[in-house]
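**Student:** Residue numbers (my numbering), protein chains in the order written: chain X, 1335 to 1448; chain G, 2 to 111.
If you are wondering where the hints come from, they were derived from the structure by calculation, not from laboratory data. Treat the hints with caution; some may be incorrect.
[Said to hold, decoys possible] One side of the interface only, derived from the structure: several residues of chain G facing chain X at Cβ under 7 Å: (1) 43; (2) 46; (3) 98; (4) 101.
[What the hints assert, rightly or not] Interface residues of chain X toward chain G, partial, derived using beta-carbon atoms under 8 Å: (5) 1377; (6) 1382; (7) 1384; (8) 1390; (9) 1436; (10) 1437; (11) 1439; (12) 1440; (13) 1441.
C-beta atoms are modelled at their ideal positions from N, C-alpha and C, and glycine is treated no differently.
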Amino acid sequence: KAGVTQTPRYLIKTRGQQVTLSCSPISGHRSVSWYQQTPGQGLQFLFEYFSETQRNKGNFPGRFSGRQFSNSRSEMNVSTLELGDSALYLCASSLTGQGLREQYFGPGTRLTVT
Amino acid sequence: GQNIDQPTEMTATEGAIVQINCTYQTSGFNGLFWYQQHAGEAPTFLSYNVLDGLEEKGRFSSFLSRSKGYSYLLLKELQMKDSASYLCAPKSGGSYIPTFGRGTSLIVHP
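Required output: the full structure, derived from the provided sequences and hints.
**Tutor:** Below, the structure written as structure tokens:
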């Protein structure tokens, strides 16, 4: 069974630009969560999608948004990039979400904002 | 927010046993995950505790005390490949979304 895939793996953008990251969950998994990981703050929850609906949202500004498609693939968008958005963005999929089962993380997208 | 406390760094010798502690807020608690993350890689699932007690899975065991807001991960017969960051992630405050601690960086030396 293929794991969680994320594209692109690495990205360099400049301040003010926008970026879209993609995540394909494990086949059959309907929940996709997004996290931002930085050395200073650790792993922070951005949002969770289930069946194309955002079920939970973390404490991030509105510049961070996402969506999920009918095939459970998810995208995350960050607009008006800031230097502080430089981070590893991880997506994780699980069978049903709701914290009942473990999450499987993708390899992440390393975003650098200059 | 969630206050998760785990040591920043620990060192241990190959073949030894190490215990990584984690304390968290108990309000609305409904389960705790442990993940392992090697440098430059994604976190991988180790264990999930909901009830009090010790759960053993090979060389790794995880313990939970709900009343004390305390968990630990026990690693036995340490190997060099166990050098990684260990993330404690409780679900509290009535949310089913786990909140991740900053992780404990474990260094295993020969």
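**Student:** Now tell me if each hint is right for this structure.
**Tutor:** Evaluation of the provided hints:
For residue 43(G), the interface hint holds, since its Cβ comes within 7 Å of a Cβ in chain X; the closest pair sits about 4 Å apart. Look at residue 46(G): its Cβ gets to within about 4 Å of chain X, closer than 7 Å, so that hint holds up. A hinted interface residue such as residue 98(G) counts as satisfied when its beta carbon comes closer than 7 Å to some beta carbon of chain X; here the least separation is about 5 Å, so the hint holds. Using the Cβ-Cβ criterion of 7 Å, the hint placing residue 101(G) at the interface with chain X is satisfied: the shortest such distance is roughly 4 Å.
Taking 8 Å as the C-beta cut-off, the interface hint given for residue 1377(X) holds, the closest approach to chain G being about 4 Å. With a cut of 8 Å, the hint placing residue 1382(X) at the interface with chain G holds, because the nearest CB-to-CB distance is about 6 Å. For residue 1384(X), the interface hint is violated, the least distance from its beta-carbon to any beta-carbon of chain G being 11 Å, above 8 Å. The beta carbon of residue 1390(X) comes within 5 Å of a beta carbon in chain G, closer than 8 Å, and the hint placing it at the interface holds.
Given the 8 Å rule on beta carbons, the hint for residue 1436(X) holds: about 4 Å separates it from the nearest Cβ of chain G. For residue 1437(X), the suggested interface contact is upheld, since its CB lies about 7 Å from the closest CB of chain G, less than 8 Å. Given the 8 Å rule on beta carbons, the hint for residue 1439(X) holds: about 4 Å separates it from the nearest Cβ of chain G. The interface hint given for residue 1440(X) is met, as the beta carbon of that residue sits about 6 Å from the closest beta carbon of chain G, less than 8 Å.
Taking 8 Å as the C-beta cut-off, the interface hint given for residue 1441(X) holds, the closest approach to chain G being about 5 Å.
In summary, the structure is inconsistent with hint 7 from the numbered list given earlier, while agreeing with all the others.
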